[in-house]
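Novice: Residue numbers (my numbering), protein chains in the order written: chain A, 3 to 107; chain B, 1222 to 1372.
Derived by calculation from the structure, the hints in this document are not laboratory data.
Hints should not be assumed to be uniformly reliable.
Simulated pairs of lysine-lysine, DSBU-like, Cα-Cα distance not exceeding 30 Å [unchecked claim]:
| hint | chain 1 | residue 1 | chain 2 | residue 2 |
| --- | --- | --- | --- | --- |
| 1 | A | 67 | B | 1278 |
| 2 | B | 1338 | A | 8 |
| 3 | B | 1224 | A | 86 |
| 4 | B | 1338 | A | 62 |
| 5 | A | 50 | B | 1278 |
| 6 | A | 62 | B | 1278 |
A short, non-exhaustive set of chain B residues, derived as facing chain A with CB atoms under 10 Å [to be verified]:
| hint | residue |
| --- | --- |
| 7 | 1223 |
| 8 | 1228 |
| 9 | 1229 |
Fair warning: this is a prediction, and the values are worked out from it, not measured in the lab.
Yeah, the Cβ is synthetic: ideal placement off N, Cα and C, and Gly gets one too.
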Amino acid sequence: MEAVFKAINDPSRRLLMDRLFEADGQTLTELCAYLPDMTRFGVMSHLKVLEEAGLVVSRKVGRNKHHYLNPIPIQEIYRRWISKYAEPTIGRMTAVKALAKERTK
Amino acid sequence: MSKPVHVYQVIINAPADIVWNAIVDGDVTVQYFFGTRIDSSWEPGAAVTYAYPDGTKASEGEVLSIDPGKRLEMTFLPLWDPELTAEGAAREVWTVEDAGGATKLTVETFDIAEGGKIHTEFAGGHVYILSNLKTLLETGSSLQMTSPDGT
């Protein structure tokens, strides 16, 4: 879980995850286009951190290596942290919102 | 060889044979796979179904290849929503590997049209199922949810 938090703690890596969420299975060349100021080696290093954290899984098909977003470690964080601490709050917020809506009618 | 549409992976702190059994044993799938039981004779070409407790089929498919304990390739046609059924069967490869005392389970999906309803629904579905399976095998209980978004 430590590796997952560390991996998420970088704007370029979060950007790569978001681009893979939009279009899964992209190659290094495709991903480099989203970070024009970064070297190919830099992007590769970020992908390595994401892979080590289990957030990205790669598959070689023919000559190309494709990168896939694996959201399960994030789901684990959700189960371990968010659902435990935030859900009662979200429940209350929704109730407050509903009440406000009712009042403004 | 086509590239997968999605690849999902989870490390489960359980022996590989327990993880494999959880994929092919209906008494286990009912606890993490939207309350459905898997059933098949597990021969290549055999039918595979996931069914609700009342016997209604949630999906049907065919075993394309199987290496017991290690790899299962099957088609998966959703039956719970006519719009999904109309999009046709997806193909899934489930792989179980030892990972230094734990087990790595990978699910690759193929033959899913981008932008289709299956494409949208399956992504969340697989994350939910695999995460649920991990919790079940590691703690002996799963979240009692019936849909991917918990509603």
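Novice: Among all the numbered hints in the text so far, which are the ones the structure does not match?
Specialist: 1, 2, 3, 5 and 6
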